[in-house]
Amino acid sequence: MIWSKNETLPRLELEKLQSARLKETVARVYGVVPFYQKKFKELGIIPTDIKSIKDIAKLPFTKKQDLRDNYPFGMFAVNQDAVVRIHSSSGTTGKPTVVGYTKSDMDVWNEVMARVFTMSGVNSEDTVHNTYGYGLFTGGLGVHNGAETVGATVVPSSGGFTSRQLLLMKDFNSTVLTSTPSFALHMAETAKKEGYDVKKDFKLKCGIFGAEPTSEGLKEEVSRIWGIDYFEIYGLSEIIGPGVSNSCCESRDLHIFEDHFYPEIVDHKTGEVLPYGEKGELVITSLTKQALPVIRYRTGDITSLDLTPCKCGRTHVRMKSIMGRVDDMLIVNGVNVFPSQVEHILSNIAGITLNYQIIADKKGYLDSLEIMVEVTEEMPMDSIGGLEKIKKNIQSALLNNLYINAKIKLVEPRSIERSMGKAIRVIDKRSL
Amino acid sequence: MYTIKQLSVFIENKTGELNDFTNVLSKNEISIKSILLADSTDFGLVRTIVDNPEKAKAILEDNGFSVRFTNVFGVKIDDVVGSFDKVVTALSKNNINIQYTYSFYESDIGIFIFNVEKDKFNEAVKSLLDANLEVVSASHFYK
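Heads up: the protein sequence lines correspond to chains Z and Y, in order.
To convert, note that position 11 of the first sequence is 11 in our numbering; the numbers rise steadily by one, no gaps.
So the mapping is simple: our numbering equals the position in the second sequence, first residue as 1, plus 1000.
Using 25 angstroms as the maximum straight-line C-alpha spacing, the simulated SDA-like pairs for lysine to any residue come out as follows:
| # | chain 1 | residue 1 | chain 2 | residue 2 |
| --- | --- | --- | --- | --- |
| 1 | Z | Lys409 | Y | Gly1044 |
| 2 | Z | Lys392 | Y | Asn1013 |
| 3 | Y | Lys1093 | Y | Phe1121 |
| 4 | Z | Lys58 | Z | Arg28 |
| 5 | Y | Lys1118 | Z | Ala350 |
| 6 | Y | Lys1055 | Z | Glu412 |
| 7 | Y | Lys1014 | Z | Arg414 |
| 8 | Z | Lys407 | Z | Glu189 |
| 9 | Z | Lys409 | Y | Glu1061 |
| 10 | Y | Lys1143 | Y | Tyr1102 |
| 11 | Z | Lys23 | Z | Asn6 |
| 12 | Z | Lys389 | Y | Asn1097 |
| 13 | Y | Lys1014 | Z | Gly386 |
FYI, nobody ran anything at the bench for these hints, they're computed from the structure.
Put together the whole structure using the sequences plus the hints.
Next comes the structure, spelled out in structure tokens:
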């Protein structure tokens, strides 16, 4: 089943639609967003220089930092009265990245998420067990609204409480699981421990998984343990949230909803546009967003695009599952973390050094994060209670500001590994 | 004269850590007069009184330990029932909060080491002297 006829538009017609929408977006941001007007002027371009989607490379890039610099609403293209929803993610300097939605943006979001569910074979007869986090993150509510749009029954269980989740999933006869792949494996492991027969006790037929980079091996494991079809979803809050692309039943690659989000692959060092098939940084331009349109947004995700026709009938270009990041961003249980954010948090805590090391690892199927901090004489060195308090302070600051749960370990001075005199800040023991 | 410079040393809870610490001291001919190990789940604190605190601190730091001086005082007591009670009573009467204490023995007398809040140090010593208790002079430990 295909939700929208826009998903099967012949390429030429799709390009026409993209061109019209791009021109409208460019004219609008130039008129109302000072940030873009300034950027355009610096490059010596005006909106009428953009005659079709093929001219997109003339436009300036937008980076995550630009959103932070214009915190909270500086990049918004509408007044507050038109905004119906705000979401946000954590930021480096304590200031989060804020995104907003108008009524029509919500309609687009629901529409693309409905496409995702339809693409995964989900309809009104299904019950969707949604473990993506509800709240400021786009994951929970984005998936929720899409499932409702196709008429499915949604169980908004959010994250955590694995035992209870399993009970509900069984008793409600849920047929679809939406979660991070690692949480899906964690649930299966817990289910086995608690004596469930994973394939018999649950009625799941498929899962829509995303929010973290995943190897083919891990996908197969999720699929095999639960005995379900694996669909992969991709998205980011700056573009809309979940629902930028999704894999179909014919292909592991993800169709990007190109009538709303225009993708390019660029060389992340030079910014030069690379042809289809080449690996590089994914750049996306929103073509219909009203509250927060973004021009050529640098996602930081590395992938490649494939325009060959898909057996499913959709004409939208497919992207490979994300292969990595251009920066040092870590994804821990679906939450994005930059080492610089951790450093900033540490720098605000009295009595500790900035000799630290972040160690990402797997505990069972879930990610674990340990932060080692070297002690100094300035710390309350004669008091166990004082040192424990510092540990607690670091832990709660990380949880409150970055939404991550980290284990803090105080270590002796100079015990953190150094390479050529420079401390190694991040060790990622998880292998993709 | 009553201020004893106790060394507080951070060590991780892993095999061989304490041994590294004792090795450094013994190689440099520093004598440990008293030692107390306090531990939490993944780190420990060594509190020790040595015969040459300045030298010990410098050597330990050269060997990568994080060391801090903490001022403590010692009180001599006889090995009879009620003698420790006398000491604690003297401090408690004067509203002095004991942060920690530990003891060791020299032949037939015991010495209790006390740590109190910094600004109460002198007052604590005075209240003990007033109660006719014997506060140990720091030079008792030093070379």
